[in-house]
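One letter stands for each residue in the lines below.
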Amino acid sequence: MLQNSGLMNYENITLIAFGLPDQDLLKAVAGVISGSLPLPLLLKSGYLDLSEFYDPARNQYNGNSILKKLDDDYSLDSSKTMGLFAVDLYIPILTYIFGQAHLNGNTGIVSIYRLTNERYGIGKNGRLLVGRLGKEIIHELGHMFGLIHCSDPVCVMRSSTYVEDIDQKESRFCKACRTILNTRL
Amino acid sequence: MDHGISILIVDDELSVRDSLYNWFIEDGYTVECAEDAKKALSILESQDFDIILADIKMPGMDGMEMLRRIKSIKKDSIVIMMTAFATVDTAVQALKEGAFDYVTKPFDPDDLTHLIRNASKQITLSEENKILKDRVTALENVDNLIGNSEAMQQLLRDIQSVAQSNASVIITGESGTGKELVARAIHTNSPRRFFPMISVHCGALTESLLESELFGHEKGAFTGAVYNRKGRFEMADNGTIFLDEIATISVKMQVELLRVLETKSFVRVGGTKEIKSDFRVICATNRDLRSMVDKGLFREDLYYRLNVVNIHVPPLRERTEDIPILAEYFAGKYCSAMGKPPVTFDPAAIKKLGEFPFPGNIRELENMIERAIVVGNGKRIQVKDLPIGTSSAGSSFESLEELEKNHIGNILEKYRWNISAAAKALKVDRVTLYNKIKKYGLNQNG
Numbered sequence: 001m002l003q004n005s006g007l008m009n010y011e012n013i014t015l016i017a018f019g020l021p022d023q024d025l026l027k028a029v030a031g032v033i034s035g036s037l038p039l040p041l042l043l044k045s046g047y048l049d050l051s052e053f054y055d056p057a058r059n060q061y062n063g064n065s066i067l068k069k070l071d072d073d074y075s076l077d078s079s080k081t082m083g084l085f086a087v088d089l090y091i092p093i094l095t096y097i098f099g100q101a102h103l104n105g106n107t108g109i110v111s112i113y114r115l116t117n118e119r120y121g122i123g124k125n126g127r128l129l130v131g132r133l134g135k136e137i138i139h140e141l142g143h144m145f146g147l148i149h150c151s152d153p154v155c156v157m158r159s160s161t162y163v164e165d166i167d168q169k170e171s172r173f174c175k176a177c178r179t180i181l182n183t184r185l
Numbered sequence: 001m002d003h004g005i006s007i008l009i010v011d012d013e014l015s016v017r018d019s020l021y022n023w024f025i026e027d028g029y030t031v032e033c034a035e036d037a038k039k040a041l042s043i044l045e046s047q048d049f050d051i052i053l054a055d056i057k058m059p060g061m062d063g064m065e066m067l068r069r070i071k072s073i074k075k076d077s078i079v080i081m082m083t084a085f086a087t088v089d090t091a092v093q094a095l096k097e098g099a100f101d102y103v104t105k106p107f108d109p110d111d112l113t114h115l116i117r118n119a120s121k122q123i124t125l126s127e128e129n130k131i132l133k134d135r136v137t138a139l140e141n142v143d144n145l146i147g148n149s150e151a152m153q154q155l156l157r158d159i160q161s162v163a164q165s166n167a168s169v170i171i172t173g174e175s176g177t178g179k180e181l182v183a184r185a186i187h188t189n190s191p192r193r194f195f196p197m198i199s200v201h202c203g204a205l206t207e208s209l210l211e212s213e214l215f216g217h218e219k220g221a222f223t224g225a226v227y228n229r230k231g232r233f234e235m236a237d238n239g240t241i242f243l244d245e246i247a248t249i250s251v252k253m254q255v256e257l258l259r260v261l262e263t264k265s266f267v268r269v270g271g272t273k274e275i276k277s278d279f280r281v282i283c284a285t286n287r288d289l290r291s292m293v294d295k296g297l298f299r300e301d302l303y304y305r306l307n308v309v310n311i312h313v314p315p316l317r318e319r320t321e322d323i324p325i326l327a328e329y330f331a332g333k334y335c336s337a338m339g340k341p342p343v344t345f346d347p348a349a350i351k352k353l354g355e356f357p358f359p360g361n362i363r364e365l366e367n368m369i370e371r372a373i374v375v376g377n378g379k380r381i382q383v384k385d386l387p388i389g390t391s392s393a394g395s396s397f398e399s400l401e402e403l404e405k406n407h408i409g410n411i412l413e414k415y416r417w418n419i420s421a422a423a424k425a426l427k428v429d430r431v432t433l434y435n436k437i438k439k440y441g442l443n444q445n446g
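Chains as they are written, first to last, in my numbering: chain A, 1 to 185; chain B, 1 to 446.
Excised from the complex, chain A in its bound form:
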């Protein structure tokens, strides 16, 4: 196993913020991610014209197409790249998604759009938002490292369909997921 020799399969995790200018939020989220994934984390800003991914009938953005675009333009074998967005994402079969990634893929996407309290008519809560965004990013990164959904109620790989579900789980991997993850980092 690579981790036994002190080497990693991947050099780093790169977070690219597309239209998310809040640097304090991103730094705080980076802190959450570093607590669960021991790879160096790079924070970058990017630009993507999202108009081609917009579906006027749904008033949402096609997550599949955005993920493919990121895969074409940003994918590196040595790194896991996560695109962060502020728009409402969907995939054809689902009404919305928080984020998505291909199992064992090198790129993933997460949107802050449905993670803020304000979206649900509740008062702003910065700490909760940092936690939710951090957990969703770690969750999608988990898929990118080959992890599937976990039945442990507090494991970060637990599937979440509502923000309340995200709040219920923690930002850490359970022992079983951690064991698998350690073989793949």
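One should not assume that every hint holds.
Take a look, some chain A residues computed to stay more than 12 angstroms from chain B by CB distance [stated by the list, open to error]:
no.	residue
1	Asp22
2	Leu42
3	Pro56
Pulled a few chain B residues facing chain A out of the computed Cβ check, cut under 10 angstroms [to be verified]:
no.	residue
4	Ser15
5	Ser19
6	Leu20
7	Asn22
8	Phe100
9	Asp101
10	Lys105
11	Pro106
12	Asp108
13	Leu145
14	Ile146
With a straight-line cut-off of 25 angstroms between C-alpha atoms, the simulated DSS-like cross-links for lysine-lysine are [what the hints assert, rightly or not]:
no.	chain 1	residue 1	chain 2	residue 2
15	A	Lys175	B	Lys264
16	B	Lys121	B	Lys74
17	B	Lys276	A	Lys175
18	B	Lys75	B	Lys121
19	B	Lys414	A	Lys175
20	A	Lys175	B	Lys273
21	A	Lys68	B	Lys121
22	B	Lys379	B	Lys414
What the hints contain is simulated information worked out from the structure, not anything from laboratory work. Values in this document were obtained by computation on a predicted structure and should not be read as measured data. Idealized CB from N, CA, C, for every residue including glycine.
Start from chain A and add chain B according to the hints.
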């Protein structure tokens, strides 16, 4: 979450197939896709899926027609229909045709999760139902251990005593003595009775097949390993595994088996993950394992690991006093199964059965009684209904001549020796029938 559940997605839109594929793969399901109904039906010819998720509107054969065809092949298939154009009529029609559920695209993420969870529950319930039915059969089979002889009573006492422990058991005895019934009786009287007893007939499988059967395999482990499959050891978790004809396993399998029995853990063929299973092992053989050990054909360490308790099932010739009660039991069983009125035995027939050596043991007796019920007419089983003393090997099989003689005799009895009626039933002319009666020395008094 490794559900062990497979899903086939059928939709002509690539984006839908991709989205569903990714969603289910991340949830730990085994997933395959087909772009139209024709391709789906072709896949279903060679592979089985637990759940089929199909679009209704597709070019060529539509989803409803595909649903009908799937249901005509496998009635209990779980098919969920999807559509972007929902109408009550189509929904009702889909459910009438046997769809498990009907959903409109796009789904709420939670709806999709619940939909598949409900379908999975249905699968679990069906499997539990099958296990319960098997258990009922097992309980019925325990009743088959019949006999008042001292040998049989001792056997029943041994079963009761060993059932409460967790010790490995070797059941020895000739072919047809009912070793599997004894194994079932031990299992159904043990604390493990609420979990399955899994039987493996080691002699019927090649080494590689036996390995895959016992340990299971991972998808792609070998040609034809299309899915992950649980092995018998895994299926027997908390229950009992019954290894019949244990003496036939290869030396390599003996080593593997010993390791599993010592660690109660194993790895599926082609896999890396260690799987633990808590099972009790019961083996059976009609061979002398001790002498096989002496000849170096069976590992001594495995022999001692398996042979914590030995139960010997006596051959029928050593408990002939049980033959009448067994014969009556089998007669009742087959009359009931064939919808025939109960029969009794002619004392001469019972005497004849008691004198027969029954090299095939209870299995041979059972076959003999079943045959007598089939070919016999009337309410009494007579000597002529029993194929005893007619075959050179003393088995229940007869020569063609004997079969013809018995059949003609039965038909004549059926038509009360009305030659014309019997000849008509036999589709021969009267002269031929007279010749046969003369040839076989048949007469009206039996």
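Give me the numbers of the hints this structure contradicts, sorted from smallest to largest. 8, 9, 13, 14, 19 and 21
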